[in-house]
Amino acid sequence: PTWLSRFTDMTRQATAYRDRRVLLAGDAAHIHPPMGGQGLNIGVQDAVNLGWKLAQIIKGTSPQSLLESYHAERHPVAARVLRNTMAQVALRRTDDRSKALADTVAELLGMDEPRKKIAAEVSGLGVHYDLGEGHPLLGRRMPDLDLTTAGGRLRVFTLLHDARPVLLNVGEPGRLDIASWADRVRQIDAGYAGIWDLPALGTVVSPDAVLIRPDGYVAWAGAGTQQGLVDALTTWFGPPATAG
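For the sequence shown, the residue numbers in the working numbering are 761 to 1004.
No wet-lab data here; the hints were simulated from the structure. As the structure is a computational prediction, the values presented were derived from the model and not from experiment. Fair warning: there could be bad hints in the mix.
Stated by the list, open to error - Taking CB as the label site, the calculated pair distances span: (1) 990 / 875: 34 to 44 Å; (2) 912 / 957: 17 to 27 Å; (3) 885 / 914: 18 to 28 Å; (4) 908 / 773: 27 to 37 Å; (5) 986 / 918: 23 to 33 Å; (6) 861 / 890: 26 to 36 Å; (7) 987 / 921: 25 to 35 Å; (8) 879 / 786: 18 to 28 Å.
Claimed, not checked - As a list, the in silico DMTMM-like pairs of lysine to aspartate or glutamate whose alpha-carbon atoms are at most 20 Å apart: (9) 819 / 904; (10) 877 / 957; (11) 876 / 957; (12) 877 / 856; (13) 876 / 904; (14) 877 / 867; (15) 876 / 856.
Backbone N, C-alpha and C fix where the C-beta goes; we use that ideal spot for every residue, glycine too.
Modelling step: build the complete structure from the supplied sequences, incorporating the hints.
Quick look at the structure:
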């Protein structure tokens, strides 16, 4: 044979994703059984999370301390995947106790709420980064809304194709001033009349504006207030530009 390999249900995760100039992502950071095809998903998510942060540091937009958020955000995500894949391995056992447990899980998945939660977790759409207290959207993947703009209709994810952060204002046009970050953050005034629905949470209160990171996660959301916007802009996209 030209190739021999052995499959196991080994589950491992690196203690730290960063050691000075060494950064780990994908299979170098975590390995687990392939249940649900989650390995590729979280590996790509690692790379996207890390990529825009490295780019900003290399360009001098952000300090190196921004990289600390890479481990803080991504390590817990993989830890949850490791746990749920281990659980799925256990459910595939053929002893009577495991079969009884699998039957109980199957009954739970027949209910709407547990099914939505498990689907969001396995698909990766339920990932939540702990960015502090605030709107339910904070730290979650921005939904791909169908927006109405002065230039026509477009989808939110279309705005992220060039990997630039976006401040999406769906409230009163022109009410937000981010001139000091205009070289880094794209501002869009748009209309949206539908519901805001998230895979893991369901319907949430409609915000007036959201600050979306290049990886598609919400760095700030305001509902009737701009409190925290300047801090979020500074934290994720560097200090304001100075005049002149």
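Status of the hints after comparison with the structure:
1. The supplied range of 34 to 44 Å is met by residue 990 and residue 875, whose beta-carbon atoms lie about 40 Å from each other.
2. Here the CB-CB span from residue 912 to residue 957 is close to 23 Å, well matched to the stated 17 to 27 Å.
3. As the Cβ distance of residue 885 to residue 914 is approximately 21 Å, the hint placing it in 18 to 28 Å holds.
4. Checked against the given bound of 27 to 37 Å, the beta carbons of residue 908 and residue 773, roughly 44 Å apart, lie outside it.
5. Under the hint 23 to 33 Å, the C-beta atoms of residue 986 and residue 918, about 25 Å apart, fit the expected range.
6. Range check, residue 861 to residue 890: about 31 Å between beta-carbon atoms, so the 26 to 36 Å window is met.
7. At roughly 30 Å, the beta-carbon separation of residue 987 and residue 921 lies within the given 25 to 35 Å, and the hint holds.
8. Checked against the given bound of 18 to 28 Å, the beta carbons of residue 879 and residue 786, roughly 23 Å apart, stay inside it.
9. Distance check on the hinted pair: residue 819 and residue 904 sit about 29 Å apart at the alpha-carbon level, beyond 20 Å; violated.
10. For the given pair, residue 877 sits about 13 Å from residue 957 by alpha-carbon distance, which is consistent with the 20 Å threshold.
11. As the CA atoms of residue 876 and residue 957 are separated by approximately 12 Å, the hinted pair is consistent with the 20 Å bound.
12. The straight-line distance between the Cα atoms of residue 877 and residue 856 is roughly 27 Å, outside the 20 Å bound, and the hint therefore fails.
13. Taking the CA atoms of residue 876 and residue 904, the gap is about 18 Å. The hint holds against a cut of 20 Å.
14. With a C-alpha separation of about 14 Å, the suggested pairing of residue 877 with residue 867 holds against the 20 Å cut-off.
15. Annotation: proposed proximity of residue 876 to residue 856 is violated, straight-line Cα distance about 28 Å (limit 20 Å).
In the structure shown, a violation is registered for the earlier hints numbered 4, 9, 12 and 15, in ascending order.
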